[in-house]
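Quick note: the sequence shown uses UniProt numbering, first residue 1, plus one each step.
These are computed hints drawn from the structure, not numbers from a lab.
Some hints here could point you the wrong way.
Calculated lysine to any residue pairs in the SDA-like style (CA-CA distance at most 20 Å, straight line) [unchecked claim]:
{"#": "1", "residue 1": "K289", "residue 2": "E270"}
{"#": "2", "residue 1": "K140", "residue 2": "Q120"}
{"#": "3", "residue 1": "K174", "residue 2": "Y27"}
{"#": "4", "residue 1": "K280", "residue 2": "M223"}
{"#": "5", "residue 1": "K183", "residue 2": "I242"}
{"#": "6", "residue 1": "K280", "residue 2": "K183"}
{"#": "7", "residue 1": "K265", "residue 2": "K305"}
{"#": "8", "residue 1": "K155", "residue 2": "T186"}
{"#": "9", "residue 1": "K279", "residue 2": "Y310"}
{"#": "10", "residue 1": "K174", "residue 2": "R23"}
{"#": "11", "residue 1": "K194", "residue 2": "I158"}
{"#": "12", "residue 1": "K305", "residue 2": "D291"}
{"#": "13", "residue 1": "K123", "residue 2": "Q149"}
{"#": "14", "residue 1": "K245", "residue 2": "M223"}
{"#": "15", "residue 1": "K260", "residue 2": "Q272"}
{"#": "16", "residue 1": "K71", "residue 2": "R56"}
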Amino acid sequence: MLANQNRLIMANRIETFLNDIARWKDYFENLASKGMFSTANLGSRQHKKELLNRYREIAGTNLKNLTSEEKASMRIVQRERRQLERELYPNVILRFVRNMFRLTNATLGKVFVNPMKQKQSQKTVDAELHQFGLESFSDKIAPQIRAGQNSIVEKTAISKKQNEVLEFGVSVDKDMTGRHYLKEATATLTLNEKDKRSLSFIDNMGLSPDKANNLLAGRPVLMYGDRWKIPNINDTDGKGNIIVKEIKVIDYKIEELLTKIPGTKLSSTELQKTVKALKKGERIEIPIKIDGKQRNIGLEASPLKRDFIYYEGNRRTTLDQLLGQRQNEAKTINLKEKQQQSQRSQLKKKVQ
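With the hints as constraints, model all of the structure from the sequences given.
The following block contains the structure:
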């Protein structure tokens, strides 16, 4: 039984390397599909050279007692490596000399560490942190990468409001080839020191710190085009993060809906600013004027209903209730004024 378990573990070693490459490919393809990375770069020479380096690192890894499954996986690695070498270095003689140089070093037992590996790792991690708006972590992580630290964890907390703390955390690890990578980046909102909500930046590509905060607060955010992320703060996944779904919503015309709210009069600049804030998932206040009286109401985007969620103070309400309340208040005031006028008329008659 134990031998079978050991065999199973050993059979996964090369597969682990290949999975790392697959995740690396998926990361850039995902960015390209969302317009955040040029599709032309996916087939560029530089991109292929980086991919080749990863296959070479796997091929040069000193693993003993390879199982039949591992040998099959290694043949896949070697085949992919040779194909990339032929594409990048079509000159047969040059390719032969390069391979002989590496083979000679391997035979002599020399291990050459790529001096650019740590620098490239740092650049990759920095680029990912910048993508998430978490570049403030770069200065803390860079010296630890240069020192060759295997596991790096950094956190920073921001007090948003009373009894509300927003914390960002990043985790950097080394893969089996010695290359550093961003393992996780999270945002955690703590309310009243008890209610904790978290989400992953890596699982939600394209997020910024502001958008992450708004999702954790339970508000939807527009990611790109007509794609909205809708949070469910009452449910979590296997990692303890809130469930966030990405949904395509068409014909949700926020600007048009704003202009149709009775009693609102926003300038063009104010209108554009309000639309932008609602798309980022913020709760904003706008002035509303009914029966000559002006008060502020709160708005949140509600893409699934193609409407807004309305607030009066911290109390959730509806536009009909707001308008009805104002109309009832106006009727009450008019009734009181009529009663007062009637009383004054009666007093005048008595005096006469």
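Here is what the structure says about each hint:
Under the criterion of a C-alpha separation no larger than 20 Å, the hint pairing K289 with E270 is consistent with the structure, at around 16 Å. Note on K140 and Q120: the hinted pairing holds, with a Cα-Cα distance of about 17 Å set against a maximum of 20 Å. Pair hint K174 plus Y27 holds up; C-alpha atoms about 17 Å apart against a cutoff of 20 Å. Of the pairs offered as hints, the one joining K280 and M223 holds, with about 8 Å between alpha carbons and a cut-off of 20 Å not exceeded.
A hinted pair counts as satisfied when its Cα atoms are at most 20 Å apart, and K183 with I242 qualifies at roughly 18 Å. Our distance criterion of 20 Å between C-alpha atoms is broken by K280 and K183, whose separation comes to about 26 Å. For the given pair, K265 sits about 24 Å from K305 by alpha-carbon distance, which is inconsistent with the 20 Å threshold. This hinted pair checks out: K155 and T186 have alpha carbons roughly 9 Å apart, not beyond 20 Å.
Simply put, K279 and Y310 have alpha-carbon atoms about 15 Å apart, close enough for the 20 Å limit, and the pair holds. Only pairs whose Cα atoms come within 20 Å are accepted, and K174 paired with R23 is accepted, the gap being roughly 14 Å. Between K194 and I158, the direct Cα distance comes to roughly 16 Å. Compliance with the 20 Å bound is thereby established for this hinted pair. With a C-alpha separation of about 28 Å, the suggested pairing of K305 with D291 is violated against the 20 Å cut-off.
Only pairs whose Cα atoms come within 20 Å are accepted, and K123 paired with Q149 is accepted, the gap being roughly 16 Å. For the given pair, K245 sits about 12 Å from M223 by alpha-carbon distance, which is consistent with the 20 Å threshold. With a C-alpha separation of about 15 Å, the suggested pairing of K260 with Q272 holds against the 20 Å cut-off. Distance hint between K71 and R56 is fulfilled; the C-alpha atoms sit about 15 Å from each other, no more than 20 Å.
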